[in-house]
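**Q** Hey, can you work out the whole structure from these sequences and the hints?
Chains as they are written, first to last, in the working numbering: chain A, 1 to 721; chain B, 722 to 926.
Since the hints were made in silico from the structure, they are not lab data. Each hint can be trusted.
Which stretches of chain A does chain B cover? Using the computed rule of at least three CB atoms under 8 Å from a CB of chain B, they are:
#: 1; region: 112 to 126
#: 2; region: 159 to 168
#: 3; region: 247 to 261
#: 4; region: 678 to 692
The C-beta atom is built at its ideal place from N, Cα and C for all residues, glycine as well.
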Amino acid sequence: MNATPTLFTRLSAALLVAATLSSFPALAQLGSTASAVVTTEQVRAELMAQAPDGAGPGKTVWVGLQLTHKPEWHTYWKNSGDSGLATQLLWSLPTGVSAGAIQWPLPTKIRIGTLANYGYEGTVLLPVPLTITPDFKPPLLSDTLDIKLSAAWLVCKTECIPEEGQFTLKVPIKSSTAGNGAAFDAAWRNAPEALAGAPGNALVVEGKTIKLTVLGLPPAWQGRTLDFFPETPEVIETAADWTQGWNGATWTAQVPLSAQRSASPQMMPVVLAVNGQGRRVEMAVTGNWPPSGGAAPVSTALQVALGQGSDGGFRLGQPPAATLGFWAALLGALVGGLILNLMPCVFPILAIKVLGFARHANDRRAHRINGIAYTAGVLLSFMALGMLMLALRSAGENLGWGFQLQNPAVVATMALLFTLIGLNLAGVFEFKQIVPARLAGFQPRHPVVDAFLTGVLAVAIASPCTAPFMGASLGLAVALPASQALAVFAALGLGLALPYLAASLVPAVARALPKPGAWMDGLRKFMAFPMFATVVWLVWVLGQQSGIDGAGALLALLVAAAMLAWALTLAGRTRVVATTVSIAALMALAWGIGPYVTQAAPLARLDRDGQWQAWAPGRVEQIMATGRPVFVDFTAAWCVTCQYNKKTTLSNQSVLADLAARKVALLRADWTRRDPAITAALQQLGRNGVPVYVLYQSGRKPVVLSEILSVDEVRTALARL
Amino acid sequence: MLRRTLMTSAVSVGALAFSPWLRAAPSVGQTAPDFSLVDTAGKTVRLSDYKGKHVVLEWVNPGCPYVRKHYGSNNMQATQKDVVAGGVVWLAINSTEEASSDYQTPQQLARWMMDSKAAATHTLMDPEGTVGKAYGARTTPHMYIVDPRGALVYAGGIDSIASSRVDDIKTAVNYVRQGVRELLAGRPVSAATTRPYGCSIKYRT
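**A** Pasting the structure below:
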């Protein structure tokens, strides 16, 4: 056990380095050729700084990219309008220094034929504030703050050219940098001022238009014609005519919506401007967005995972999910499988295994055979599940790992199975009492079959808990050719079976176990409790899927099934009577309330859960567009690791305080039931199961945190924002 | 039930909108405007010829760097091949006006599509821009899917990452593949409207 953390750390470090190198080939090649100026045929771009008081901790330092366009060429604002792309800045800064959002100067509306864009012509400076904390330590032998910028911009006339540049700049820490003061002053003057939301402000969706009412604009503006720039893209018909008017100090406007609108925001920051002066105001949206917009609500979330017909053989390739090599994936899967043994959801299986060890402690050969049978059970079921998933996916099903538990019928069956195992362990019945005599001796006489089935069971229970590495490996597996994908699944299974297999092959381990005796009966009865605890969990999961009625119906059915198991242990006429009664009860219940178990709960998915909001496609981008970072918790009720993290790290006071201090928006994507939109989002992150924790910030690559989330990790990630 | 009523009314509104004096771009769920265009081989192609099949519309302009991002990486051709192999019709439409420096004659465009090993069912010429404007097409690429009843079921981008970097293709969600896959499995398109990104279409003004 002592060696594990080091091995684990080294492996993760190696994987991380490999993944990073392969996903940033451009950064890896970044030479020392970068300077503060990049000139192309259309644009001269310069990285400049404004630090009148030097650049030490606590000082205000501004940096910015100045773009000087050749006549007729332009680049884009944060909402580029009908086409185009906003200029992107990606900063590399020393520890202790962080960059804020671009303070976008006012754009102009640029018409190209029947289309319109928001952007900049002539010269524009995009300023960004830097925060320098006391953690910042200047490099040895130099007294400068070294800034690196990787910028990408799209420059267009009627034709468009995507360009990018690498910039470096050294800002003296102790002396003043103010050579570009005029340019920064002009940019700040030209940036819109925040306008506090007034009680009369309104943005109402009405039919195919939005109606705006804005109060508190500068008195000098009254009666003048204003420019209007929505920060949220893909909402209005950018090029269409719109109307505006003044009613005393109140400005009103009516703007047509795009017929193919793809965003339906709850909050729309808009910029109003006249004569180079602007005001930015955040408008809460009221009224209902007409149906065409937003990602269509996913009504198919409840479709049973296994039942849907498909088109037969129509294959579309999966987008490759991760930049992990095949061998790295195999290794990752093996390690992931090993770690699965430690997951809370595998605990009941560990219990069964302990019993197995104790029973055969003195029989080395039986031990070895059991170990191999168990391994075979694990391997075959992992590969069978893998094959099933690959087959369903290629047939068009949008599935991810853990999909088995998205089906209420599967959850209910597992609850029944665990109830029966629990009752058996508790001594309510013995298998030989309830099965025909011919099969009675089957289980004890065929320990090999028993061990094999234990392996199958282990997989069934363990699969929803994606351990670290496993998520990435599985994400990759579905994009690999089938044979390689199956190898990944097999490696996963081998990892899970390995500890048991090793123990069964090495006599020293078996010898270390206590001698068989009366205590074994006690242990066996004790093991019934983890089984019943698992049933509690499964009923709770089903409650999330089918509601309180479904959970109640399942419990009633479990009671009836337990009664039947007990009735079968009786003898003579009592047995006949009791069995008949319990079968009748079971049938009546199954007929009467059984359907509740698989019925969809009324869609009571909460829009808000404390500070958490429900995730929806496009929501992250919308929030990021307002400059706030976003933390997304991809979770599911049946995922124990997720629930554990939710109750510990994500409820930790210091984590919550840090999140609030950095104004991080919290979104929760609940994958308890099938949801193709969430599956697609996971796929985009190169994952294929939950939990996944992601921190998004505008202009940076999303940060995916580890699956067993620690307080330190979240806080470190937040500190880097 | 309510859904069905909404659907019916949406379709009738769409039919109204198609009347010439009220030409607005269709929303998803409305009737996709029918059109008749000549392909690069001189053959007349109507959208209504393909009633009963799913049709993908792709706005293309070989002079646009975003089009080249998806053709140079073989992403567009691979998407075309997969989709067409599923029995779906793919119509590539070029709405670039003749006066634009990007304009290609039917022969040039046919040659370019052939050299790119494109698998579009037809490549159509729309130099007047009437079809592009009828659909509200703004960028190249801009993608649409029409269902067998002739209703517009997808409008938006080729994928989820608006950039010119080829490297982004592998991490982006290809909305056209995803949409077609969902449609062929008998499900609604989960992302029915998305952001199209790319160059402005060079319409005649």
